[in-house]
Every structure is written in structure tokens, then in C-alpha cells.
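Residue numbers (the numbering used here), protein chains in the order written: chain A, 1 to 248; chain B, 1001 to 1066.
Honestly, the hints are just simulated from the structure, not real lab data.
Every value quoted in this text rests on a predicted model; they were computed, and no experiment measured them.
Warning: the hint list may mix true and false statements.
As the list claims (entries may be wrong) - Straight-line Cα separation of at most 30 Å, DSSO-like style, residue types lysine-lysine; simulated pairs:
#1 Lys1052/B <-> Lys235/A
#2 Lys1016/B <-> Lys180/A
#3 Lys180/A <-> Lys1030/B
#4 Lys180/A <-> Lys1043/B
What the hints assert, rightly or not - Computed list of chain A residues with no C-beta within reach of chain B, every gap over 10 Å:
#5 Thr128
#6 Asp129
#7 Asn130
#8 Leu219
As the list claims (entries may be wrong) - Computed, partial: chain A to chain B, Cβ under 8 Å:
#9 Ala5
#10 Gly37
#11 Leu41
#12 Gln71
#13 Gly152
#14 Phe175
#15 Pro233
Ideal Cβ positions, reconstructed from N, Cα and C, are used throughout, including at glycine.
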Amino acid sequence: MELNAMQRERYARHLSLPEIGEKGQKKLRKSRVLIIGTGGLGSPAAYYLAAAGISTLGLLDSDVVELSNLQRQIIHFTADLGRRKTLSAEEKLKALNPDVRIKTYSLRLTSKNAQAILRDFDFVIDATDNFSSKLVIANACHAAKKPYSHAGILRFFGQTMTVIPGQTACYRCVFESPPKDPSVPQGPLGAVPGIIGSIQAVEAIKYLLHLGDLLTNRLLTVDALTMRFREVPVKQNPHCKLCGRMPI
Amino acid sequence: MNVTLNGEKREIRTGKTLADIVMNFNPSNKRIAVLLNDDLIPKGNQAGYILKKDDRVEILTFAGGG
């Protein structure tokens, strides 16, 4: 589908990048990304992907907007208190870019419903705020062979890694099982998920357009207190319970 | 003897095990994953490994928030 005059203007800065150009922009107009969690990580990821002109954004979240969310979940406004997060986010993204089709799922992802939902998307962003959801996503994306961006936040710290199931190290190659006694959540500083969620949006676009080197087989860690970004090499674990050749 | 812990050089005494350095870093040894030269080392195997010169240890924190 050709870009119209308005779209040429809207995406002019993408069109001016030789790595994206008209071909890449049209590819984005055919691409579908599922964002699981519309909170601290999901807010910036959703904004940037909608602004970039992704064809379809899936928004999955079972929560409603609470006052304590607003310190970091910048897609939700004070007037949205009590509303479903998916609907609150949908409204902002539609206002930002009416070209984008939004599909909302006001539910929790489970091992039972995951496959039917993932089927309709090309890339998945794990923007959830708990270990059990991260595990469900890792397992479901592995089963469906869907690439995904993992991320996690704690206090002033964030980490992210992109996974191509069957080809690169997965979340569970490093973090085998969720901790039995998850710590009481502290923080985070609101802008930290902003940094990491933005990186997740970049990774989604790079994957969709085959650009550059994905953040695979390496975990990017960010310590905002020292403002150090580090890359930790990770490799496919032969004993990985999910993707290993010799699972324990 | 020098090893690298989370990207930084550390001087340790010869004979120290992986479990020693992990314990020093995070006494509870909870909510972390330990990589030795890029390989994940389960908690149960950490005491049996005596660190060698130039080993690279990464202690990764489980970050579940979003």
C-alpha cells in the first residue's frame, strides 16, 4: 500500500534514513507487535511503536489505572484513574497516530490463552511487572517461535535482552525459574522503565526491518545510579529447561 | 589473583570458591543468577568450583518489575 501525502510528512524522518526509507516504512505498515503490560515499560514502547507507524499494536493488560501508577506509567493520565489500562492506552495511541490499529486484551496472559493471542503478532514485548508473567511469556514465545524482548526493572536498575526462540539464548537460559520469594517491590525510579521500554521499541523495529544487530545473546544492564550500561554475554544453556538440548 | 566480577577486576585469595565470592556479594544468594565465563552455574555447584586467575563472574539480579 502506497504512503499518502500525510503519511509521507508524518514519517519524513524515517523516510530520510536510508536504512528505513519508503520500503521500511511500508514494512512497518504491515507489522504487528504485541505489548504485554501497559505500565512503566509498556508506556514508552507503545508510544514509540505507534508513532513509528506499526500497523497493529496489541495491548494486553488486566489492570485498571491506579494513582500510584502515574509516577512512571506515562501513557495513563490522572483522568484515567479507575479505567482499564488497555482502553486508556488505546485512546492515547489513537490520538497520537490514527493510522495504527489497536487490539486490546483486558486479561492476563496464561499458558492456556497465550497461543491464540500470539498467533496474530510478529514480535512480542514483555513489559510485565512480575516473574510469573515473564515465565509465561518466555514459555509461550518459545512454543510459538515468536521473537520477544525481555525486560525487568528493580529500583534504579533495568535489564533487557532480545530472544529469537530456537536461535539465541532465552530468558530461562539465564533465569531458570522465578525466585520462590520475590522481594517486596521497591521503586522504581520512574524514568528507568522509560529508558528500557524505549530500547524494547527499538529492538522491535530492528527485528521487523532486519536492521543492525539485535540485542541477542547478551543481556544489557543499566544502573541508573552510576549511569553505567553493561553488556553481559549470555549463551544458549544446554541444560535450559525450555530450550536446552539436555534439560535437567 | 585477579578475577573479574560484574565487569570489574577484583583481587581475591587463591583457593576461594565461586560460592565464596557470591556469598560476599549477596549473602542470601537469593534472587540472583550466577554466570562463570558465560555459563550459568546452579547454586548447588558453586561451592565445588575453585576460582582460577582471570575467571569472569557475573552475578545477575532477578529484576521482575516493569
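Checked hints:
Proposed proximity of Lys1052/B and Lys235/A is supported: the alpha carbons are some 21 Å apart, at most 30 Å. Simply put, Lys1016/B and Lys180/A have alpha-carbon atoms about 28 Å apart, close enough for the 30 Å limit, and the pair holds. A threshold of 30 Å between alpha carbons decides the hint, and for Lys180/A with Lys1030/B the separation of about 9 Å falls inside it, so the pair holds. For a cut-off of 30 Å, the pair hint linking Lys180/A to Lys1043/B stands: about 14 Å separates their Cα positions.
Consistency note on Thr128/A: stated as away from chain B, yet its beta-carbon is not over 10 Å from all of that chain's, at 5 Å minimum. Interface exclusion of Asp129/A from chain B breaks down, the closest Cβ pair being 4 Å apart, not more than 10 Å. For Asn130/A, the shortest C-beta to C-beta distance to chain B comes to about 6 Å, within the 10 Å cut-off, and the non-interface label is violated. Some Cβ of chain B comes within 10 Å of the Cβ of Leu219/A; the nearest lies about 7 Å off, and the non-interface call is violated.
Violation of the interface hint for Ala5/A is found here, the shortest Cβ-Cβ separation to chain B being roughly 39 Å, above the 8 Å cut-off. The interface hint given for Gly37/A holds, since its Cβ lies 5 Å from the closest Cβ of chain B, which is under the 8 Å cut-off. A cut of 8 Å between beta carbons decides the hint on Leu41/A: the least distance to chain B is about 4 Å, and the hint holds. Against a cut-off of 8 Å between C-beta atoms, the interface hint on Gln71/A is violated, since the closest Cβ of chain B lies about 13 Å away.
For Gly152/A, the suggested interface contact is upheld, since its CB lies about 3 Å from the closest CB of chain B, less than 8 Å. The criterion of a C-beta within 8 Å of any C-beta in chain B is met by Phe175/A, whose closest approach is roughly 5 Å, and the hint holds. Taken as an interface hint, Pro233/A checks out: its beta carbon lies about 5 Å from the nearest beta carbon of chain B, inside 8 Å.
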